[in-house]
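Here is what each chain is made of, one letter per residue.
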Amino acid sequence: MERILFGDNQFFAVNHISDEKSMAQSIRFKEDAAIIRTLDYAMEAGINTFMCTTHDRIANICEVIRSQPDKYRDFKIYPCMPYAHKYANAVTELGITGTIKQYVPGNFFGSLFKGGVAFLSKDFLSIMELLIDAEMKMFKGINTPVIFLQNVITDLLLGLGMKDVLVAFHHYVQKKYNAEAGFITMNMPKLLDVLESAGIQNPIICSSINKAGFRMSGGKELYEETLRTRQFRAIAMQVLAGGAVSPREAIEYVCGLPNIESILFGASSKTNINDTASLIHHYDGVFRPTI
Amino acid sequence: MVNVGLIGAGKMGISHLAILGAHPDVNVVGVCDTSKMVIEAMEKYSPFPCFTDYKKMLSQAKPDAVVVAVPTRFHASMVAELLQLGIHVFVEKPFCLKPEEGVELIRMAKEKKLVNQVGYHNKFVGTFTEVKKLLEAGAIGEIYHFMGQAYGPVVVKAKGDTWRSNPEEGGGCLMDYASHVIDLVNYLVSPVQSVQASMLKSVFSRNVDDAVFAMMQLQNGVSGLLSVNWSDDTFRKMTTSVTINGKKGKIVSDANELKVYFKDAACPAGYSRGWNVKYVTDLTPSVDYYLRGEEYSAQMDHFIKAVEGKVPNLLNSFESAAQTDNAISLIRKAQP
Numbered sequence: 001m002e003r004i005l006f007g008d009n010q011f012f013a014v015n016h017i018s019d020e021k022s023m024a025q026s027i028r029f030k031e032d033a034a035i036i037r038t039l040d041y042a043m044e045a046g047i048n049t050f051m052c053t054t055h056d057r058i059a060n061i062c063e064v065i066r067s068q069p070d071k072y073r074d075f076k077i078y079p080c081m082p083y084a085h086k087y088a089n090a091v092t093e094l095g096i097t098g099t100i101k102q103y104v105p106g107n108f109f110g111s112l113f114k115g116g117v118a119f120l121s122k123d124f125l126s127i128m129e130l131l132i133d134a135e136m137k138m139f140k141g142i143n144t145p146v147i148f149l150q151n152v153i154t155d156l157l158l159g160l161g162m163k164d165v166l167v168a169f170h171h172y173v174q175k176k177y178n179a180e181a182g183f184i185t186m187n188m189p190k191l192l193d194v195l196e197s198a199g200i201q202n203p204i205i206c207s208s209i210n211k212a213g214f215r216m217s218g219g220k221e222l223y224e225e226t227l228r229t230r231q232f233r234a235i236a237m238q239v240l241a242g243g244a245v246s247p248r249e250a251i252e253y254v255c256g257l258p259n260i261e262s263i264l265f266g267a268s269s270k271t272n273i274n275d276t277a278s279l280i281h282h283y284d285g286v287f288r289p290t291i
Numbered sequence: 292m293v294n295v296g297l298i299g300a301g302k303m304g305i306s307h308l309a310i311l312g313a314h315p316d317v318n319v320v321g322v323c324d325t326s327k328m329v330i331e332a333m334e335k336y337s338p339f340p341c342f343t344d345y346k347k348m349l350s351q352a353k354p355d356a357v358v359v360a361v362p363t364r365f366h367a368s369m370v371a372e373l374l375q376l377g378i379h380v381f382v383e384k385p386f387c388l389k390p391e392e393g394v395e396l397i398r399m400a401k402e403k404k405l406v407n408q409v410g411y412h413n414k415f416v417g418t419f420t421e422v423k424k425l426l427e428a429g430a431i432g433e434i435y436h437f438m439g440q441a442y443g444p445v446v447v448k449a450k451g452d453t454w455r456s457n458p459e460e461g462g463g464c465l466m467d468y469a470s471h472v473i474d475l476v477n478y479l480v481s482p483v484q485s486v487q488a489s490m491l492k493s494v495f496s497r498n499v500d501d502a503v504f505a506m507m508q509l510q511n512g513v514s515g516l517l518s519v520n521w522s523d524d525t526f527r528k529m530t531t532s533v534t535i536n537g538k539k540g541k542i543v544s545d546a547n548e549l550k551v552y553f554k555d556a557a558c559p560a561g562y563s564r565g566w567n568v569k570y571v572t573d574l575t576p577s578v579d580y581y582l583r584g585e586e587y588s589a590q591m592d593h594f595i596k597a598v599e600g601k602v603p604n605l606l607n608s609f610e611s612a613a614q615t616d617n618a619i620s621l622i623r624k625a626q627p
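Quick mapping for you: the protein sequence lines, in order, are chains A and B. Under this note's numbering, the final residue of the first sequence carries the number 291; numbering is consecutive throughout. Under this note's numbering, the final residue of the second sequence carries the number 627; numbering is consecutive throughout.
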């Protein structure tokens, strides 16, 4: 994975601290061209990996990328699935069964209920595979070397003790998409314990890592200890802690930690993209001069 | 360790179950749902004992406490049954369909000295707890007006019917969405005493309201407005906010951001004259396990600690939730 990954929250009005900013972003990125322009700024800053949720609008972005193979030759996308609000809002309205009916492609689901015959439990993983395929459709022809499970699902499965489903995700993206599985989580130490116990070695885990300790469940010290002593491929996200830490301080902290392979950040303007990338290069020069 | 059972593994139930599953003081002794699909998935992939009949779960698993997350119309009878058996209860919001049902449950819980809590999670959101602190300290002077709002994209086009689209079963924006805002106003300012006027509008739904607007008066004499709409897809997810006007200042808060305006320099420590902005990131204590928001873990932790006798059973008691049920009923009656 590259040292810097570019995120997509700013494109989809995801702002963890301000609903007003979130609306402003929604206005700013109304047109797909504004997203593409920002991705180009990131590429100019040397960032060639876009880590994005499987939001409907990403399909349009993929279309643009496919249409200019030369320009995007080195460009990679790390899909993060699912776009949970789509499902969450549907569950509120349709219930769990109704939502699966709506989103599982074809009449697979209908066939399960045929004649009122109870279906075999092994089919749940098939449903998951179908949902993954549905989410991956938009990325056809695009380089997606790592495919992530969004934190709301990773953490839900973690809390429910559904280790086998995490493992099944890991194996399926490898088998079907020749990609590595990544897991986004707000509970990194707990998740690492579970993945390791399930035999997944050196997993890719993307989690909140920031000087403020924001969304670092179990505490900042435990996270630092885990980074120091355990083997996994860490991606730091929410490094600015939603704005609670100044950019310089935030990047200095993250670059100073051991074992962080990549740093994920999103920004809306060319200046912010360049400034953040420069800060990372600067502090990497201080803390990791040999790399 | 507290032995906990869960009845109703829908959207909220599953979320509670994951939080319970990760809680160090909780032993999940049973999960019950009538959906065969959900129970079979749980049976196969989770470590929890599963049931399709809650009575069987109660008799076999013998929980100390039960989380009830079934459709609202079942709350009253199910909670009564649990209290009768001496089981502590956490029940999802809204509490009961009719205010009179709540009265009996409050009495039973008191008589049997059982912990009782309702899932109004906003009281565990850092910005709103800070608003509560400011108001209790009288920081913005005498309050004369409030505005409670919530918007989100739940029903954004005409669709088929579910229990949520049946008013008899607790469906609709007033019961499901507006209840959060009403409960927050009840808590932060004062419980709703009367409703001067209200409008319940259907935007896309056939049988239930998708939007609620009301003018209300609270027990402490303060009056204000309620504006809630779950058919607004300019919001990515549910967004709840309160604005409170006082004679010495004003508070505008949602779950992410708290803005406080002080007219003069006499204000609490950490604040100054003019606008002050604080973020939930600074106001929210971190939790041991996170899912969808610190507040969900914090409210369940509060319930478990109350069962263990480590904290008093004050926040989100049946009593406070019954006041919200009462306000819901007043809003319904005040329609033209």
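Just so you know, the hints here were simulated from the structure itself, not pulled from any lab data. Mixed in with the good hints there might be a few duds.
What follows is a set of in silico ranges between Cβ atoms, one per label pair, in the way DEER data are often shown [as the list claims (entries may be wrong)]:
#1 E391/B with M23/A: 11 to 21 angstroms
#2 F504/B with H171/A: 29 to 39 angstroms
#3 N272/A with V568/B: 42 to 52 angstroms
List time: in silico DSBU-like cross-link candidates among lysine-lysine, alpha-carbon distance up to 30 angstroms [stated by the list, open to error]:
#4 K539/B with K140/A
#5 K86/A with K401/B
#6 K302/B with K270/A
#7 K335/B with K220/A
#8 K389/B with K528/B
#9 K30/A with K624/B
#10 K21/A with K403/B
#11 K424/B with K448/B
#12 K86/A with K404/B
#13 K21/A with K596/B
#14 K353/B with K550/B
#15 K401/B with K353/B
#16 K137/A with K30/A
#17 K550/B with K21/A
#18 K569/B with K21/A
#19 K137/A with K302/B
#20 K335/B with K86/A
A virtual CB, placed ideally from N, CA and C, is assigned to each residue, including glycine.
Cross-check of the supplied hints:
1. The beta-carbon spacing between E391/B and M23/A, approximately 42 angstroms, falls outside the hinted interval of 11 to 21 angstroms.
2. A hinted range of 29 to 39 angstroms for the beta carbons of F504/B and H171/A is inconsistent with their spacing of about 52 angstroms.
3. The beta-carbon spacing between N272/A and V568/B, approximately 20 angstroms, falls outside the hinted interval of 42 to 52 angstroms.
4. For the hint linking K539/B to K140/A, the alpha-carbon distance of about 59 angstroms lies beyond 30 angstroms, and the restraint is violated.
5. Using a Cα cut-off of 30 angstroms, the hinted pair K86/A and K401/B is violated, with the two alpha carbons roughly 41 angstroms apart.
6. Distance hint between K302/B and K270/A is unfulfilled; the C-alpha atoms sit about 40 angstroms from each other, more than 30 angstroms.
7. Distance check on the hinted pair: K335/B and K220/A sit about 34 angstroms apart at the alpha-carbon level, beyond 30 angstroms; violated.
8. Simply put, K389/B and K528/B have alpha-carbon atoms about 28 angstroms apart, close enough for the 30 angstroms limit, and the pair holds.
9. Pair hint K30/A plus K624/B does not hold up; C-alpha atoms about 42 angstroms apart against a cutoff of 30 angstroms.
10. Simply put, K21/A and K403/B have alpha-carbon atoms about 49 angstroms apart, too far for the 30 angstroms limit, and the pair is violated.
11. At most 30 angstroms may separate the alpha-carbon atoms for a hinted pair to count; K424/B and K448/B exceed this at roughly 40 angstroms.
12. A threshold of 30 angstroms between alpha carbons decides the hint, and for K86/A with K404/B the separation of about 42 angstroms lies outside it, so the pair is violated.
13. Pair hint K21/A plus K596/B does not hold up; C-alpha atoms about 37 angstroms apart against a cutoff of 30 angstroms.
14. The hinted pair formed by K353/B and K550/B fails the criterion: a straight-line CA distance of about 47 angstroms is larger than 30 angstroms.
15. For a cut-off of 30 angstroms, the pair hint linking K401/B to K353/B stands: about 21 angstroms separates their Cα positions.
16. With a C-alpha separation of about 23 angstroms, the suggested pair K137/A and K30/A falls inside the 30 angstroms cut-off, and the hint holds.
17. At roughly 14 angstroms between alpha-carbon atoms, K550/B and K21/A fall within 30 angstroms of each other, so this suggested pair holds.
18. Between the alpha carbons of K569/B and K21/A the distance comes to roughly 14 angstroms, so the proposed pair stays at or under 30 angstroms and holds.
19. Straight-line distance between C-alpha atoms of K137/A and K302/B comes to about 27 angstroms, which keeps the hinted pair within the 30 angstroms bound.
20. Distance restraint check for K335/B and K86/A: the Cα-Cα separation of roughly 26 angstroms lies within the 30 angstroms cut-off, and the hinted pair is therefore satisfied.
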